[in-house]
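Could you put the whole structure together from the sequences, leaning on the hints where they help?
Number of protein chains: 2
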Amino acid sequence: MKAYKAMTREELEELKKELEKVYEDVKGKGLSLNMARGKPSTEQLDLTKDMLDVLDSKADLFTEDGIDTRNYGELTGIREAKVLIADLMEVDPDEVIVFGNGSLSIMYDTVAGSMSFGVNGMTPWNKLEKVKFLCPVPGYDRHFAITERFGIEMINIPLTEDGPDMDMVRDYVENDEAVKGIWCVPKYSNPTGTTYSDETVRAFAALKPKADDFRIYWDNAYAVHDLYEDDKDVLLNIMDECKKQGREDMVYQFVSTSKITFAGAGIAAVISSKANLEWYRQNMTIRTIGYDKVNQLRHVRYFKNADGIRNKMKDHARILAPKFKAVLDCFEKELDGLEIGTYTRPKGGYFISFMALEGCAGKIVAKCKEAGMVTTGAGATYPYKKDPKDSNIRIAPSYPTLEDMKEAASLFCLCVKLVSIEKVLEDK
Amino acid sequence: MKAYKAMTREELEELKKELEKVYEDVKGKGLSLNMARGKPSTEQLDLTKDMLDVLDSKADLFTEDGIDTRNYGELTGIREAKVLIADLMEVDPDEVIVFGNGSLSIMYDTVAGSMSFGVNGMTPWNKLEKVKFLCPVPGYDRHFAITERFGIEMINIPLTEDGPDMDMVRDYVENDEAVKGIWCVPKYSNPTGTTYSDETVRAFAALKPKADDFRIYWDNAYAVHDLYEDDKDVLLNIMDECKKQGREDMVYQFVSTSKITFAGAGIAAVISSKANLEWYRQNMTIRTIGYDKVNQLRHVRYFKNADGIRNKMKDHARILAPKFKAVLDCFEKELDGLEIGTYTRPKGGYFISFMALEGCAGKIVAKCKEAGMVTTGAGATYPYKKDPKDSNIRIAPSYPTLEDMKEAASLFCLCVKLVSIEKVLEDK
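Protein sequence lines, in the order shown, are assigned to chains E and P. Residue numbers for the first sequence follow the numbering used here, beginning at 3 and rising by one. Residue numbers for the second sequence follow the numbering used here, beginning at 3 and rising by one.
Bear in mind the hints are in silico, worked out from the structure with no lab data behind them. Treat the hints with care, as some may be off.
No copy labels: a pair is met if it fits in one copy or bridges any two.
Below, in silico cross-link-like pairs of lysine-lysine (DSSO-like), each with a Cα-Cα straight-line distance of 27 angstroms or less [stated by the list, open to error]: (1) Lys234 with Lys245; (2) Lys316 with Lys60; (3) Lys31 with Lys234; (4) Lys29 with Lys408; (5) Lys408 with Lys425; (6) Lys60 with Lys314.
Only a predicted model underlies this, so the values are computations on that prediction, with no experimental measurement involved.
This is the structure:
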């Protein structure tokens, strides 16, 4: 394969004509493909459908300590659900609060609570002149939407192969009191698939924040979401590292079963120090009498222990891995050597990240759309939806069928080529 | 029965000695009774235990319009859940958003959203000098806790037999721009059991608020929670009345199945105008990808329609009514004629309200506690936990067994008598 920029203007024009013809043909097919959101497929959701059988009208709905899960109460979650999460995440059950479905709302409530009431009794952020969050980029659009909604200034931090640029993080966190948080997806990061190196995790734990109410928002969304049994990333336990530094109040860790059981009906949890959890409890007790404990019990009875979850993740991997492979095989075949973009090869998580030539992402997404394929919007992976280089595109292979995914990947490559030719021609 | 104040000092001293002996005997029993919270009993929770059978691993988990309830999405709830709630509450399904378990968190998020972002694009309340809420008293402690948490000034409004004193409400709402809301439990009010009269509901709808962002928080928690099939209170439909006045944006109505199915695992909803619901949607979309739709579907499949719910409520009444009767029979037998307190005789809901002689509520509660019985804290039914007359005590007959309830009522009357004798003696 010859790099586009090594081709003559005439060669490029010729190629462009050919590809445009192919594109018109594809458009004629009236496709309807969606690579936009990290949604589990129906096949994946069916993996845990039998979870609905464990609690029926004959079931004992009381917890081990005699709590009726159907009734009010148990604000911080039932004990055995804490044990399940603690077992999985290698923390103490007393460091866990179990909520309802979805960890996003826990993160939202954490920011909202900090804005209105302050962190652990400190000044409410809405009384401060300025609050800033560090945002490793590319990152998760819904994180950025929360901080944007509350008027928190977001600062881009480049994500390297080892995680966020820790020199830059340290510089901000240790010198700017307005910096109150950093959004992290430390394992199989959304959208790059990056797992933070041990050195990065240790560097996080070693931070000496200027602001006492600085917190690391450790969204461990893909903690057990490996694609390959024999080739997994391993993330260092941030709680352990923070404890070594005597800074266990510095991190909130978020997890959920949204991509383990049901995306819309899982259970979510926060893991943090006892002091931090007491602050959560004080905020929660005004907002709710308790989360859905029946569903917590359903999860516990179904999985029994962390191994139950880990085993189920192997079934997810069997469905997901071929879809990732289909995309990567296509990219390799169609794009390698053309020098018109790079892409990640994640070992887990839900996304592949494509970095197009500068200024091309928006046009590629538009071209895909014109031919009937929806991808995540260009810019979505950056704060304020502004990708400074207009380069990153997030690809979510999970939801479509394998066949659709192959077709989608192929169309994507075609659009990348077409837009890149124009870019290379312009630059000539 | 002779009124205490008509008795001589000697008669009272004599009676006191007798009752003190009885009290010491009761204390010796080491009772453990709880009349504190409006929790359904296990027997009630068992009424809908078979709801757990309607969705099993063989069930179709898709909605009528083809949504997989297990997956992400459908932020405002599944269509058929909206239809179920709309059917029950006699509104349009487009006027309903269905959430997760518990309406309290919807109310909290409503206040929180108004504080941070303003109502329908108006000035965020946290940018205002002062925000006030009207609080019909006695009322629901958890309502008051929300507004207190956000530093909203609460103003007591006396609750009459017809609902809140509407002259006072009108005066505040129509003249004070800082008044942004009023907490209402319009049917079988917590704790008095009062149902607002048609005139009161119409007066609410006819309000011409000084503040455009004034809203009525219509917590219709006991909408179908009648105790007696042949003697129900009927509440006028506030949405209909507001529409007649062209003020349908003025009310948020909250409902849930917490006291219909499972207290901790029901579904909750807000009913409001389309403009207001669009504001909810904008706030929700940052906080969550969607609530638990599997549980929404479970409720719909179980009840099928509003009649399904209404029929189930008859079973609840069969369990609850005897407990209310036990308390009221005891009060009648033990207290009527003594002129040491009044009590309500609600036709539904979860509470009986006792009004002790001024200055006696705290002492009665303490005396009950000393003998092993927990009641709702004195003052809890007032903003800032301050009952100006220290008179109201909320009694929750639902949770204990009928036998325990009888014992509890009897002990309560004994404590009322003892504390009242002292009060009457002091006043002599």
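Practice problem: List, from low to high, the hint numbers that the structure doesn't satisfy. | Solution: 3
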